[in-house]
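Hey, can you work out the whole structure from these sequences and the hints?
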Amino acid sequence: MKYDMDEVKVEQLIKGYQEQEEYFSCLLCNHKIEKGIVYMKEDIMYEAEKFMKLHITIKHDSVFTFFIEQNKKMTGLTEHQSNLMTAFYEGKGDKEIQAELEIGSISTIRQHRFALREKEKQAKVFLTLMHLLKQRENNADDFVPVHQTATMIDDRYNVTEKEQQEILEKNFPEGLNGKLARFPKKQKHKIIVLRAIAQNFEEGRKYSEKELNAIIAEKFDDFVTLRRYLIEYGFVDRLADGSEYWLK
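Going by numbering that gives the first Met the number 0, the letters in the sequence shown line up with residues 0 to 247, in that order.
Calculated from the structure, these hints are not laboratory results.
This one's a predicted model, so the numbers in the text were calculated from it and none came from an experiment.
For each residue, glycine too, the CB sits at the ideal point set by N, CA and C.
Take these hints with a grain of salt, some might be off.
Subject to a maximum C-alpha distance of 30 Å in a straight line, what follows is the list of computed DSS-like cross-link-like pairs (lysine-lysine) [to be verified]:
1. Lys49 with Lys34
2. Lys184 with Lys72
3. Lys91 with Lys31
4. Lys34 with Lys14
5. Lys71 with Lys161
6. Lys71 with Lys52
7. Lys52 with Lys34
8. Lys52 with Lys91
9. Lys91 with Lys133
10. Lys189 with Lys178
11. Lys123 with Lys71
12. Lys184 with Lys218
13. Lys133 with Lys123
Pairwise CB distance ranges, derived in the manner of DEER restraints [unchecked claim]:
14. Thr77 with Ser104: 17 to 25 Å
15. Thr159 with Ala122: 20 to 28 Å
16. Gln198 with Lys58: 36 to 44 Å
17. Leu53 with Val7: 15 to 23 Å
18. Leu131 with Lys169: 31 to 39 Å
Dropping the structure here:
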């Protein structure tokens, strides 16, 4: 995912994509489908929005499947709650769920259904409170959105826009177009620097290891270290044999 959770609406998340002026953009992987074009798939023609829905089905199975597989930091759900929600979504009956998840009794499953509905109500109230709070927080510092391919989300990502700018200025004294002066030791600073380095790669383009190294070397001589951290922190992905790299 490559969207700012503060900006996207719940209705858009439910669909899994958002409409922009010239294309539809998948919120789950940032794949774009241009408007005004008829797309062909297995001898069937699709207009752009229907083709985006097909993309989500083929690539992600469903919006529900994509989100339920995210970690607890994103969903707020325990593993047990995620398993139950998946079973409910798949339309399984209480007895089937009881046997599959080894739950003590049917009444326990019904209690979980009730608890999830209560959680939904609480979430609506919380969203309302946060919306009202933001209306009053005119002077509050904005936090930098976490890149959605992050491998593990924790306090390292609690970075304000102001803090990010200060760290970038310190580590890129000649500006972001210049060289990285040093690779910082602090984990939070590493993430900020790596995010800036990742902006030098084109979305959707595949790079050979030599091409990737050349781009990184323009920013920092120790391209091997930066390449390793770009992969480790979820900015870049690669094939197992290292023959291709791409912006994750």
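Which numbered hints does this structure break?
The structure breaks hints 3, 9 and 16; every other hint is satisfied.
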